[in-house]
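> Residue numbers (this note's numbering), protein chains in the order written: chain P, 1 to 416; chain V, 1 to 93; chain E, 1 to 979.
Take every hint as true, because none was put in to throw you off.
Restricting the straight-line Cα-Cα distance to at most 25 Å, the calculated cross-link-like pairs of lysine to any residue (SDA-like) are:
#1 Lys555(E) <-> Trp19(P)
#2 Lys169(P) <-> Trp625(E)
#3 Lys407(P) <-> Gln956(E)
#4 Lys555(E) <-> Arg223(P)
#5 Lys266(P) <-> Pro156(E)
#6 Lys17(P) <-> Gly494(E)
#7 Lys124(E) <-> Met13(P)
#8 Lys599(E) <-> Asn163(P)
#9 Lys266(P) <-> Ser61(E)
#10 Lys391(P) <-> Pro911(E)
#11 Lys49(E) <-> Phe116(E)
#12 Lys963(E) <-> Ala843(E)
#13 Lys49(E) <-> Ala512(E)
#14 Lys169(P) <-> Gly844(E)
#15 Lys169(P) <-> Lys599(E)
#16 Lys169(P) <-> Gly957(E)
#17 Lys49(E) <-> Ala12(P)
#18 Lys391(P) <-> Asp916(E)
#19 Lys391(P) <-> Leu42(V)
#20 Lys599(E) <-> Gly125(P)
#21 Lys169(P) <-> Gly609(E)
#22 Lys2(P) <-> Arg130(E)
#23 Lys407(P) <-> Leu42(V)
#24 Lys864(E) <-> Tyr39(V)
#25 Lys391(P) <-> Lys407(P)
#26 Lys89(V) <-> Asp730(E)
So the derived label-pair ranges between C-beta atoms look like this:
#27 Leu86(V) <-> Asp162(P): 49 to 57 Å
#28 Gly432(E) <-> Trp158(P): 37 to 45 Å
#29 Gly162(E) <-> Ala10(P): 58 to 66 Å
No wet-lab data here; the hints were simulated from the structure.
Note that CB positions come from ideal geometry on N, CA and C, so glycine has one too.
Letter by letter, the chains look like this.
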Amino acid sequence: MKFSGFRVFAEAMRGHKGWRPLWRDPEPQPGYDVVIVGGGGHGLATAFYLAEVHGIRRVAVLEKGWLGSGNIGRNTTIIRSNYLLPGNQPFYEFSMKLWEGLEQAINFNAMVSQRGILNLFHSDGQRDAYRRRGNAMHLSGADAELLDQDGVRRMYPWLNFDNARFPIKGGLLQRRAGTARHDGVAWGYARAADQRGVDLIQNCEVTGFRIENGTVRGVETSRGYIAAGKVGVAVAGSSSRVMAQAGMRLPIESHVLQAFVSEGLKPAIDGVITFGAGHFYVSQSDKGGLVFGGDIDGYNSYAQRGNLPVVEDVLEGGMALMPRIGRARLLRSWGGVMDMSMDGSPIIDRTPVEGLYLNAGWCYGGFKATPASGFAFAHLLATGQSHPTAKAYRLDRFARGHVIDEKGVGARPNLH
Amino acid sequence: MLIPHPLLGLRDAQEFTYLGDASLIDRPEGSDEAALADYVYLRDNPAGLHRELWFHEQGDRSWLVVTRNTLTHEIVSAELARDVALARKEGVA
Amino acid sequence: MTRLTGGLIDRSQSLSFTFDGTRYTGHPGDTLASALLANGVRLVGRSFKYHRPRGIVAAGSEEPNAMVTLREGARAEPNTRATMAELFDGLSARSQNHVGPLSFDMLAVNDLLSPFFAAGFYYKTFMWPRAFWEKLYEPAIRRAAGLGALSEQADPDAYDRGFLHCDLLIIGAGAAGLTAALTAGRAGARVVLADEDFRLGGRLMAESDLLDHAPATQWIASVEAELRALPNVRILPRTTVFGAYDHGIYGAVERVADHLPTPGTLVRQTLWRITAKRAVLAAGATERHIPFADNDRPGVMLAGAMRAYANRWATAPGTKGPVAIFTNNDDGHRTAVDLMAKGVPIAAVIDARARSEAQGDYRVIAGGMVTGTRGRLGLRSIAVQHSGGSESLSVGALGVSGGWNPNVHLASHHRGRPVWDEARLAFLPGQGGPGGLIAAGACAGQGSTVDALADGHRAAVQALADLGLTAPALALPHAHPRAENTAPIWHVPGKRRAWVDFQNDVTVKDIALAHQENMRPVEHLKRWTTLGMATDQGKTANVTALAVMAELTGKSIPQTGTTIFRPPYTGVSLGVLGGGDTGTNFRPRRLTPTHTWAKAQGAVFVEVGPWMRAQYFVRPGETYWRQSVDREVLAVRSGVGLCDVTTLGKIDVQGADAGLFLDRVYANAMASLKVGMVRYGLMLREDGTLYDDGTCARLAEDHYVVTTTTANAGPVYAQMEFARQCLWPDLDVQLISTTDAWAQIAVAGPKARALLERVVDGFDLSNEAFPFMACAPLTVCGGTRARLFRISFSGELAYELAVPARYGNALMARLMELGADLGATPYGTEALGVMRIEKGHAAGAELTGQTTAQMLGLGKMVSKKKDAIGAVMSRRGGLGDDSRRLVGLVPLDASHTVTPGAHLFTAGAHPSMDSDQGWVTSAAYSPHVGSSIGLAFLERGDERMGEVITAANPLQGQSVAVKVVSAHFVDPEGGRLRA
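With the rest of the complex left out, here is chain P (with noise of 0.2 Å):
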């Protein structure tokens, strides 16, 4: 079934009748060619890539939830490529250009809408570093402009200018860059997968690996065994936990970053905006809804949720930038459990566990590379070579001394 303004249409004056589900709920076959584990953003759209680019269908996604029940359903919902080092910018341009024709390519709309962001910056030093991040912006393709205080005035001019501890001085604008609706891109990714015959299997938890003479065979899971030819792992937070029962250690910690939405309001901020002296950025959505987000929590958690520290602090950062959505009020928080890698970039490669790829690592930023990611991922399960934009993003770079610290803080993934 293919979805358009004429189907909604024609479907609304026969009551509804012909809708069909979104997807199948099949059960688990014995084999596939591929399992992907993890139904969240990047595993189905790992799965879509592998049955349209590399026309692999026998492939299963095992969710141990719901589809769509990790990071990609709980975010802040944007979508940029404006990343400063060579291994990261090439890959989220990249994902910025399949985000442009993702609608049309999964029949599902995603609400990809490219109203900007504008990251701020309050000192000269900021700008300096901006300069050279939107250079190479420019270098790899992606767009972007460097605003001067009254640039920045002539966009929000309700900013607080005038009464500020650390004064705006400009901006780093990426007009291409915007939000989608994160739920739209799971379920349009999950959709057609299923159209393309991927098997989509939920409350399917992996509870071990089976692996022998170091290749994997399949997976075990709360709905019996699996046989793969080969398994991708795209699980998020829980990616220590998973590669665990291959034997492996990962350089990633799994941490909880908040994010929040206040109440429906009228259209009020029209694109991205971050705070370059605090930590709040803030966008609203279709819905009218502010959200926004800030730091990380800080400490190891897989409990969703966090505390009133970082509320306060988002808050304080909130308030200090725009004093006129005071008298907004915080509708929901939630907590989402981050994979922070090591230098704050991702991993999509083989493991020592020869059939057994990982895609992790995406610290809180994982949403913008939905589509790059599961494109990468099904080009390496599928043929086996790294993706042209993601050849920087090997497990052993650690190791080998080339990580890709886009902050400069080492092997400190609270402080990415």
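Chain P is fixed; fit chains V and E onto it per the hints.
Chains V and E only, in chain P's frame:
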């Protein structure tokens, strides 16, 4: 969160900064690059009890080893990291 | 205005207020909702999607419909529940989410188009043509979405935060909360009693039941009086405990001044962080409704709310006709009885249960269902189906009671799942709740007054026992026992739309469609239909929706799913979460010891982390910052300048093993440093990357002073403490941060020695006695303790003189006074920065945390003879192979500018990621060179001196030809330093 400081009693976690797994106490001696790489980069990252290092930066400046459940945030114990480190050294010696 | 008898309103005073510009009156004790109802206002808003006319549904914080924008101007507060807005004189409120007048909303056309707006429709369309999404579809959706609007002005009110510590926090001051408070208060426990209402009593105020044969208000008053007299009890009305956090910490917001026309000298709200050893959750329960066709018209209310309006606020629910009740339980009948007692005519009680008896003189339709309603802007009649057929009843209002949902929210904030109680048809708090939290009363399923009173006492006794306190006996007041007997009737089947979530317009049909499309897990259901995502967080909708989905799937409710809740319990203003630290108070300012002096000298200050530092000093006649900076640079290079460098971190290292310890902390050797000398040092992170640089001075055999960069003063200290306590606890060494203890002033320039000679107390400053990189403790200005370091950041003959911080300001003034004839000139961070670039010293822009010692050309400083933090890892391939080196750059054309952040390319190369050769880290106009100069990291930079390359800044459309030169623009031989 509240951290039961062994000398000062319950203190707000906001007074502390966090480093990570207490295995960072066990720094490999010598110049074995591979051992150091494992030490610097690899973590057990358990879902459950986790021994971890907290620094009482806005307090008495002691480093603590706190045993905390990463699933529930429940804290089981807190010790002075120096005591832990000295005990390890004695164990090794 | 029509009022019933009784109620907790003060009829002796009238309060005037406006709603949508029309003036009304109410009384103290009213909420905006009760006052609107008393004035016969039924239509108060429009729904989110279909813009359906909506009225007040509830009497508390669960209200889904009656959202208004309260107050005017900068204080306008969107999405305020009329049920929670305490009436004050002059209150003004406006309805929301309509185009044109509330009674004739142009967007009500959406309701006619509703077949096209089924659950999830927007995921299926608006995809073609692609460019139309941002340009056309999305802006239209955004304009239509949202509810109220922000004022677009800065919030003018103040907020505060506070910390409370108690033995027992009691959340909710209804029947259970009050007996819990009384029990704990009498036991001497430190008690905090918080309730979101402005009066204590909770649901007791809404009921007509007697306590000890007297109105419940009398018992409430006596309890409140006793609690207020107890010094160990703190009562916080108007306070919502919105979240349960770790280790007994709760977040609460006290609405200090929201009931006043303006806060005056008060803060508007206070954010309380309450640390409680134990807590009793006595948050009550929320009534649920029963979806039936067109059940959302103004005039359809929750039956319990109707009773509350009659009993507490003396407000008749239906002025346009008699009242009907639709119920599946006994509690619905109670509303009929109470309304009749107040003289409100009852058309009928339609009881969905087959067996039902009237509790008074009214008609009961047993086994009946409400199947429809009529009335465009307010309820006029209802259609009823029963065993005898169907009939239409003309009514002014309909009360609906579908049973009660315990308010388990806080009990599930730690992700503990509520458990289904089939007997009560309700979710109760489950395992995994916040430690030390005990649920009591209606939120624990003990909802009758008798049970709630007893359960509050029980919970307090349990909490006290945990705390080792003995509970005194408590005589509970006598109350009338009641039962609810709710039948599992969750909605009325039918073809028309029956609303489950009023605010977000989610109907039974939408849930059925979600089922049809396989969006069956409860989280998919919520996200696909937006059920429970509105400002009321689905308080009246979620459980009913689960029941409908359960019916569709043929599973039980608990098999279908549970919903767990996250903070906040109800909406919390963003202003109060910021705690009032706004504007320039966002973060504290750290001032240097010479701040007062610098201010008097016309310094312009700049934020450097938390510090405010003098950036440059404006002299009369200088109109542009560069004039001041160039003058300061030239003054230093030709005479003597003074700069406060206190912000650099200082760490005292003492002990017999101090040298050994520093050998392990620094990449280069420090144990071999002679007493009285200073050495430049590099600290690495354990991963081998450069962490920080600074000087290390040895004042005595067992005493070193380490300096760090300003930014890393804290982190380096923490790292050194880690090394001391965790890595090498056996060493005899002690550390203390002395950054704030010593004021440090750089005295730089060829005349520095001449100036210093005028302040030191008989100290030999000659080159022989005190050479470059010497240090010493001494006294200055006639006996003031001081430390002197002969170190230079500018490249000139220079010293840094430290005195106890309190003398810093005076020392600066003295040096300026004594140096007047030498041309002593104060200089700020800009001149400091220019001179360090001229000298090729790395600073923050070079020490990015991605830099290695090799990149600075200092690879040889990393000693191979000893183990130090990061030494081994610094030799890994990826770091060792990095050939980028620090170089200087000058523009080929002296009128051009070197721009920091520009990327470097071989001349003629096409700029791309692959041809990228490095970047400009820092740049400045150099008065010494007479042009713009820069520092840069360049591939093989050390081998490319003299090469002309391109510094490209495509971001700003610039490209400049630059020549690679040594980073040491000034005095590369170092003669001046040693002069």
